[in-house]
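Please build the complex by placing chains B and C on the supplied structure of chain A, with the hints as guidance.
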Amino acid sequence: MQKQSSFGLAKAVPAFLLLLLAVVPFAASYFEQPFYLAFFGRIIIYAIAATALNLALGYGGLVSLGHALFMGLGAYSVAIASFHEIDSGLAHLAITVAVCALVGLVTGAISLRTSGIAFIMITLAFGQMGYFVFVSLKQYGGDDGITISATSKLLGLDLGNTMTVYVVAFAVLLALLLWMARLRVSPFGMVLRGARENARRINAIGLPSKRYQLLAYVMSSVLCGISGILLANLNAFASPSNMAWMVSGDLIVMVVLGGIGSVFGPLLGVLAFLGLEEVIKGYTEHWMAIFGPLIVLVALLGKAGIVGVLEKFDDWRASRAVRIAPVAAQKQESAA
Amino acid sequence: MSFSLILSQLLNGLQFGVLLFLLAAGLTLVFGIMSFVNLAHGSLYMLGAYFAATAYNHTESFTVAVVAALAGCIVVGMALERLAVSRLYGRDHLDHVLATFGMMMFFNEAARMLWGPQPYFLPVPDMLSGTVDLLGISYPAYRFAIIVVGLLVAIGAHLLMHKTRLGMLIRAGSINPQMVGALGVNIKLLNAILFGLGAALAGLAGVMAGPILSVQVGMGEPVLITTLVVIVIGGIGSVSGALYAALIVGIVDTMGRAFLPMLLRDVMSREAATAAGPALASMLIYILMAVVLALRPQGLFPARRA
Amino acid sequence: MTSLLSTESLCKQYGALTVTDNVSIDVRPGEVHAVIGPNGAGKTTLINQLSGELRSDQGRVMFAGRDVTAMGIAERARLGLLRSYQITSIFEQFTVRENVMLAAIGAKEHAFRFWQPMLGRARFAAAVDEALRLTGLAPRAEALVDSLAYGERRQLELAMALAAKPKFLLLDEPMAGMSVQESSAVVELIQRLKGQYAILLVEHDMDAVFALADRISVLVYGKIIFTGTPDEIRAHPEVKAVYLGEEVA
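Chains A, B and C, in that order, are what the protein sequence lines are.
Every letter in the first sequence is one number past the one before it in our numbering, and letter 38, counting from 1, is 28.
Numbers given in our numbering equal positions in the second sequence, counted from 1, plus 15.
Numbers given in our numbering equal positions in the third sequence, counted from 1, plus 5.
These are calculated hints, taken from the structure and not from any lab test.
Hints are supplied without guarantee of correctness; some may be wrong.
One-sided excerpt, in silico: chain A residues whose CB lies under 10 Å from chain B [stated by the list, open to error]: (1) 10; (2) 70; (3) 280; (4) 283.
FRET-style restraints, in silico, Cβ to Cβ [stated by the list, open to error]: (5) 243/C x 170/B: 22 to 30 Å; (6) 63/C x 197/B: 32 to 40 Å; (7) 131/B x 147/A: 44 to 52 Å; (8) 44/C x 199/B: 24 to 32 Å; (9) 133/A x 283/B: 21 to 29 Å; (10) 197/B x 16/C: 34 to 42 Å; (11) 88/A x 17/B: 55 to 63 Å; (12) 17/B x 16/C: 57 to 65 Å.
No farther apart than 16 Å at their CA atoms in a straight line, the calculated lysine to aspartate or glutamate pairs in the EDC-like style are these [said to hold, decoys possible]: (13) 1/A x 304/A; (14) 271/A x 110/B; (15) 200/A x 58/C; (16) 200/A x 212/C; (17) 143/A x 75/A.
Quick reminder that beta carbons are idealized off the backbone N, C-alpha and C, glycines included.
Bound conformation, chain A alone (with noise of 0.2 Å):
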């Protein structure tokens, strides 16, 4: 089987959606449904995330149950600066880059010292050590969460406007698209893609896998403060549920069902399970009933997810072209 480098639907469909989510802020203000506004700002904002967790998970092979840590560092990172009547976007930036990368970096590189389950758990372990840290400051709301009343401010624009926020995230997310697509087959990118598959063959051509392994989660933890930044700046809020172990869980549901590897997976995958969520919803209250049974059918018919269906789709277009050709070409010459 040749590698996949034509037009098809594994390309179209993520590009359509994209140019959706371009036009809903107008139409969200022509229609006047700000709700759709926000409901789609959050998808963006949780797209970021997946595709931050999708580097260290995807590319990585690294299965984090505890990456909604980052988030929530992210998030109280402008809430406790909020606090403090710290409003200037950069410093909120700055403060997030720098806990989430010490805190990713220390974490990381005990979790490393495992693999297989050990490291789920102690990714899990990690980020429950930072959900009761969190419930526990009272000062800052614990439990309860707190309310952000200095939002973020970045070259005169007010993250909490909601439509700020919106363009903003839109504009993050497709930067880190592009970057994770450039990654992918980038030097660092193909050693990490290759440690996920053959760990033992990457250090026996001279790469030591873990230092790859350890700089891609890293990376993974500040994209993902990045996306706690932009959520807290569109709830107004940050509580210790950011982190809570089940938003992890819902993470890896959500780079898994999309496509796990693949550039736009995680996005897909938020849009499928955001959405569904949603339009379950609109029937049911006991929505999680219908998800949970979802979730478990993705598992047990494989993993290759929302991507995978497309580029199969797309394998068996191209095959028929092949198949139908030579065809034709035969029915041409016998009616010459």
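Below, chains B and C without anything else, positioned relative to chain A:
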């Protein structure tokens, strides 16, 4: 800090540890033998409590409640195994995490649909509502009964594993699963029984915990995480490891929550201690797990593997 | 002549079992030194200690004048000591070219580059093309590895080692599972490499060993019982008794 306070907290820790053991034993075996990560184990614990509460509401008999919990969980456990879990053996852990995460979601919502969001009441059985005198203190009879039951189950598990044919097959399966299958043992049935057994133990834990904690949706998740910590510390696949680790974790967690805030107030300012105390107490077992993984990644009492 | 790779009294035990028993072996520049021995003699364990994947209990490994005993496999690879695997260990998700390019880059530079495509690294294009040409994989360069035949995968194993422009090759049964034609292609390849590289070759295929080796060491129960030229090996009574069993024609 009096002796009686320390002793009663120690006993509480033992009681918590014993409940953790019941959950950890099934989880670690399923993990060790079928290499299957089961995040839905907490749901079985919750179902056990709910089956018991419902049975009790209809019959006013705690005994019937226990039987209902065990039977119900065995059925649900074996059904899960046959329908979904067995199709996932041999896949990588991410698939297991995903599938059991979905199961957990389903069970939580199904419980909410069947029993409603408000907590259910399962009272302490009359026979055990008093206290017992232990080493000079008065300790609740029910909690003491839990410790006794748990230790009996541990002894029973040991006898099962080392003195019966089934136990021998299970032990062989944990050392070399493929070989056991190749020797003509009905490995599918063995796996289903194993899963059902683990589910029954989880259900038993749920019944026993019911009167102490409340029976409500989502009660399984916090306990599940602690159980996962236990099996990692104990060593995956090792039932004896699960016992020792469960007792250690139970005691450390209970005593930590009871005494750490107090101790911290002696070394730091009151405000710092009030904030740090509970947080540190919650984190204690995770710190313990991280240390164990850093120094001895195979666990403290690992099972021997071929 | 100083050796490029040598070991001094290498020992490795697993509990009561001594798998590597005081092995002192050396390979000179440009030499093909074959290691033969019955199954279970400890050949793979020895190779793993030479490549750096296994820590010896005692003894030293010297490479290019340096003591590399404490170095891991990645470090040794960067020094030019490369190995291929008996059980093929390549990257199934990538194409042939991508596999070889990874190997070429890994030995020579770091991979902390995040934007430009890996295949565009012109510095390694020549090494990659030559490795593909030598192993006959050039026509399959763009194919995904999971579509390769078994023999082609073994060739890819070799290509990856070659693309790294090593000083020394540890070849662990390169002809394992190959047909007669495929084996003779590999023998031809190694003949062409002789002189350019120093090679330690572990093989069961006796025709190949006697055709290629400058020297042969015989490993039995973890101990080297004899090292000599192919003729000396053929004539050595103990070797014949222990391993060859009967006269080799």
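Results of checking the hints against the structure:
1. Violation of the interface hint for residue 10/A is found here, the shortest Cβ-Cβ separation to chain B being roughly 27 Å, above the 10 Å cut-off.
2. Given hint, residue 70/A at the interface with chain B, is violated; its Cβ is 14 Å from that chain's nearest Cβ, farther than 10 Å.
3. Restraint check, residue 280/A versus chain B: the minimum CB separation of about 9 Å is within 10 Å; hint holds.
4. Here the hint on residue 283/A is kept, as its CB sits about 6 Å from the closest CB of chain B, short of 10 Å.
5. Our hint of 22 to 30 Å for residue 243/C and residue 170/B is violated, since their Cβ atoms are close to 59 Å apart.
6. Distance hint check: the CB atoms of residue 63/C and residue 197/B are about 39 Å apart, consistent with the given range 32 to 40 Å.
7. Here the CB-CB span from residue 131/B to residue 147/A is close to 46 Å, well matched to the stated 44 to 52 Å.
8. A C-beta distance of roughly 29 Å is found between residue 44/C and residue 199/B, which places it inside the suggested range of 24 to 32 Å.
9. The hinted window of 21 to 29 Å between residue 133/A and residue 283/B holds, with their beta carbons roughly 22 Å apart.
10. Between residue 197/B and residue 16/C the beta carbon distance is about 36 Å. The supplied range of 34 to 42 Å therefore holds.
11. Taken as a hint, the range 55 to 63 Å is violated for the pair residue 88/A and residue 17/B, whose Cβ atoms sit roughly 47 Å apart.
12. Distance hint check: the CB atoms of residue 17/B and residue 16/C are about 59 Å apart, consistent with the given range 57 to 65 Å.
13. Simply put, residue 1/A and residue 304/A have alpha-carbon atoms about 10 Å apart, close enough for the 16 Å limit, and the pair holds.
14. A threshold of 16 Å between alpha carbons decides the hint, and for residue 271/A with residue 110/B the separation of about 26 Å lies outside it, so the pair is violated.
15. At most 16 Å may separate the alpha-carbon atoms for a hinted pair to count; residue 200/A and residue 58/C meet this at roughly 15 Å.
16. In summary, the hint linking residue 200/A to residue 212/C is not supported, as the alpha carbons are separated by about 41 Å, beyond the 16 Å threshold.
17. Restraint check for residue 143/A and residue 75/A: the C-alpha separation of about 12 Å stays at or below 16 Å, so the hint holds.
Consistency note: the structure conflicts with the earlier hints numbered 1, 2, 5, 11, 14, 16.
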